[in-house]
Amino acid sequence: MAYRWIEHTAELELEIEAATEEAVFADAVQAFAELVDDDGRAEPVTFELRLDGHDRADLLAQWLDELVYQAEIEALVPDETKRIELSDDGVSATLRCHRAQPRHVIKGATYHRLSFEPAGEGYRATVVLDV
Amino acid sequence: MSEPSIAGYRQVEEVVWELPPTARADMRVPARVFADEELIGKIAADRSLEQLQNVATLPGIADAALAMPDIHQGYGFPVGGVAATEAPDGVISPGGVGYDINCGVRLLALPLTAAELGARSEPLVHEISRRVPVGAGQGGALTLKGAALDRVLEDGPSALLRKHGIGAEEDIEHTESGGRLEGADPAAVSERARARGADQLGTLGSGNHFLELQQVAKVLDPEGAAAFGLRQEQVTVLIHSGSRGFGHQICTDYVRRMDAVQSRYKIVLPDRQLACAPLSSPEGGSYLAAMAAAANFAWGNRAVLAHRVREAVARVLGREAASATRQVYDVAHNVAKLEQHRGRTLCVHRKGATRAFPPGSEEIPGAYRATGQPVFIPGSMGTSSFVLAGRDGAMEQSFGTTCHGAGRQMSRTVARRQISGAELRGRLEAQGIVVRCPSNRGLAEEAPFAYKDVERVVEVVERAGLAVRVAQLVPLGVVKG
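Note that the protein sequences, when read in sequence, are chains A and B.
Per this note's numbering, the first sequence runs over residues 18 to 148.
Per this note's numbering, the second sequence runs over residues 34 to 514.
Hints should not be assumed to be uniformly reliable.
To be verified - Ranges of calculated distance between the beta carbons of each label pair, as one might list FRET restraints:
no., chain 1, residue 1, chain 2, residue 2, range
1, A, Thr111, B, Ala357, 51 to 61 Å
2, A, His25, B, Lys299, 37 to 47 Å
3, A, Thr111, B, Asp59, 42 to 52 Å
4, B, Arg377, A, Glu97, 13 to 23 Å
5, B, Glu429, A, Glu32, 39 to 49 Å
6, A, Gly107, B, Gly216, 25 to 35 Å
7, A, Glu30, B, Gly216, 30 to 40 Å
8, B, Thr378, A, Phe64, 29 to 39 Å
9, A, Arg130, B, Glu215, 47 to 57 Å
10, A, Ser109, B, Glu488, 50 to 60 Å
11, A, Arg141, B, Arg496, 56 to 66 Å
12, B, Gly211, A, Asp106, 38 to 48 Å
13, A, Ile23, B, Tyr298, 26 to 36 Å
Stated by the list, open to error - Covered by chain B, per the in silico footprint, the following chain A stretches (three or more residues, Cβ under 8 Å):
no., segment
14, 72-83
15, 94-101
16, 111-124
17, 128-138
Rather than coming from a laboratory, the hints here were simulated on the basis of the structure.
Note that beta-carbon positions come from the ideal geometry of N, C-alpha and C, so glycine has one too.
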C-alpha cells in the first residue's frame, strides 16, 4: 500500500503507487477512509458497486466520487476492499464498510491533472480532490 | 527599453498584462490579466497563468482569455477567469463555471446603525447561527422533493415566495437576472444531484462560505451609496454561499459526460477538467439546462438564508426592523450566461468573477440603473468587504465583468500551522467581532492572512475602469462552517 496526500494552495492531491491496477483502487479506498473516518465503529455494511468508464483514470475519479456520495448520503465509511474486478470499461467491487458519522472533508474528485499510468513495474495514479 | 514582463506576460497598459497567442501553438486568442506589479508577481507564484493559457485554447473563444486581479489556481480553469465563447459552435465548459454553480453574494441592509445596534450584535449573530445550518454536507434547513424542488429549479426564489412565503417581490427585483436563468430543466439533473440538494436550501456550507454582520465603515461614492440605500455606519448582512452539493453533483456529472465525447467533437484539451462541448450540441444544451437549474437553486438557497436572517432580526430587534430589512442586491460569481456583446451572442463563463454592467443597462433594476450594477466583493473573514458599481470599462474590456473576492494565497495546512482556531477566535473577538463557528480547524483554515489583500484587488479593478468603489464594509460578527 502506497499513497500520499499532497496539499496545494487550494486543493488536495492524492497520489497512489501500487503493483496492480486493482491495488490502486483498493489504496484509494484506504486513503479516503483515513481522511473521513470518525473512528466510530458501528453497524457493519457490505456495499456492492459497479461503475462504467472509458479509461482507468476516469474510473478512479468515479470510484472516489462514489465513496464521497455514499459517505454524504448514506453515512458509509469504507473499511476494506473485499473483492475487485476490472474489465476493459468498468469496475465491480465489494467493500466492507461501517455506518458512522464521516467527516465531510471531500466534496468530490476532479479531472484536473487526472492520471493513471504504468510506472516501473506497477502503476501510478493522481487525483485532485475538491475540498 | 522593453515593457516589463512576467512569465512571458507583457505589461500593455497600467494594470493590464498580456500574453500573445503566438506564445503556444494551441492558443487561439491572447491571455490577458488585470493586475498591478505586486499582484502579477503573486499571481505568477502558482499555476494560474498557465491555466489561463489553457483557457485560451477553447474552441470558439472570443477576443481573449481574461483574468481578474484575484485570480488563483483552480481545477482546470483558474478562479478569477473569464472566457466568452461565440454561439452557436463555440463551447460551453462546466469546469469554466466551477463546482459551486452560482456561488454568489447577497447583501441585506438593516434599518439601523452599528451604534443603535450596540450590544445586541452578539445576540443577533447568535440567533442567526441558531437558524442557519453550517458545514460541508450539512442539510436540514428546508427539505423539498419532487415537484416542489422542480419549481425552485425552474423559477428560483419566485417559487419560494409563491409557495412558501419566503422573501419579497423587491428581493427578486434586486437579484441578478431576477434570480432565474431561462431554460432550466429538472430533467437534465441527475437523481444524485437531487438527493444531495434536497435538504440543503437555507444552508451555508463550508470553506470560504460565510455570513457576516457588518457596518458601513466608509462611504466612498456618496451618490452611489445613496442609490443603493447605504449610509455611514449602517448595519448590513452579507451572505456568501452557492448551490451546495446540488450544483457540485451537476458539475461532476457533466465534466464526466463531456470528457467522454471530446473525440466526437475533435476537441483536444491540455487538461481534462476543461472538458467541453459545442453550445449547439446535445451535451452543451443539456448542461446549460442543468446549470440554469443549479443557478436557480443557489438563488433559492440565498433567499432562504436571507429569510432566516430576517427571522433572527425579528426575534432580536423586533418585527418592524425585520420588515424594514431590505435586500440591496444578489450577484453570482460562478456562472455562464448567454449575453449580447458588440452584436455577438456570447456564452460568458465567469468562474470567480462577477458581472458588473455599467449605468444604463436594462439588466439593472430601475432604482440602480443610473448608478451601475451593484457588485459585492467579500474580503477574507474578519477583514473589509466592498460594494462596487459596474462601469463602462467592463463592457469595453471584460465582457461586463469584474473581480469576486480576495483569493487564497496559502494552503489550509499552512494556515493551521500558523494559528490555532482558538487563537484566531480570540483575536477576532478582541477586535469586537462576534464569532460563531463550530470548527476551530475550519476557522483556522480561513484565517485572513491565508488570502490576498482585497483592498488591492478592488483598487486594480477601479484603476482599470471595470467598476468603482461605493462603500467599504467591516465585520461586527461572523457565522461560518
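>> Verify this for me: three or more residues of the segment 111-124 of chain A with a beta carbon less than 8 Å from a beta carbon of chain B.
In response: holds (count 3)
> Between A/Ile23 and B/Tyr298, does the C-beta distance stay in 26 to 36 Å?
Replying inline: Holds, at about 33 Å.
> Between A/Ser109 and B/Glu488, is the Cβ distance one that fits in 50 to 60 Å?
Replying inline: 54 Å, holds
> Would you say the C-beta atoms of B/Gly211 and A/Asp106 sit inside 38 to 48 Å of each other?
Replying inline: For A/Asp106 against B/Gly211, whose Cβ atoms are near 44 Å apart, the range 38 to 48 Å holds.
> Are three or more residues of the segment 72-83 of chain A within 8 Å, CB to CB, of chain B?
Replying inline: Per the Cβ count (5), the hint holds.
> Do the Cβ positions of A/His25 and B/Lys299 conform to the proposed distance bound of 37 to 47 Å?
Replying inline: 32 Å, violated
> Has the segment 94-101 of chain A got at least three residues whose CB is nearer than 8 Å to a CB belonging to chain B?
Replying inline: violated (count 0)
>> Verify this for me: three or more residues of the segment 128-138 of chain A with a beta carbon less than 8 Å from a beta carbon of chain B.
In response: holds (count 4)
> Do the beta carbons of A/Gly107 and B/Gly216 sit within 25 to 35 Å of each other?
Replying inline: 34 Å, holds
>> Between the beta carbons of B/Glu429 and A/Glu32, is the distance compatible with 39 to 49 Å?
In response: Since B/Glu429 and A/Glu32 have Cβ atoms about 45 Å apart, the given range 39 to 49 Å holds.
>> The hint says 29 to 39 Å between B/Thr378 and A/Phe64; measuring C-beta to C-beta, is that right?
In response: 47 Å, violated
> Between A/Glu30 and B/Gly216, is the Cβ distance one that fits in 30 to 40 Å?
Replying inline: Since the Cβ atoms of A/Glu30 and B/Gly216 sit about 36 Å apart, the hinted range of 30 to 40 Å holds.
In this structure, the hints that do not hold are numbers 2, 4, 8, 9, 11 and 15, in rising order.
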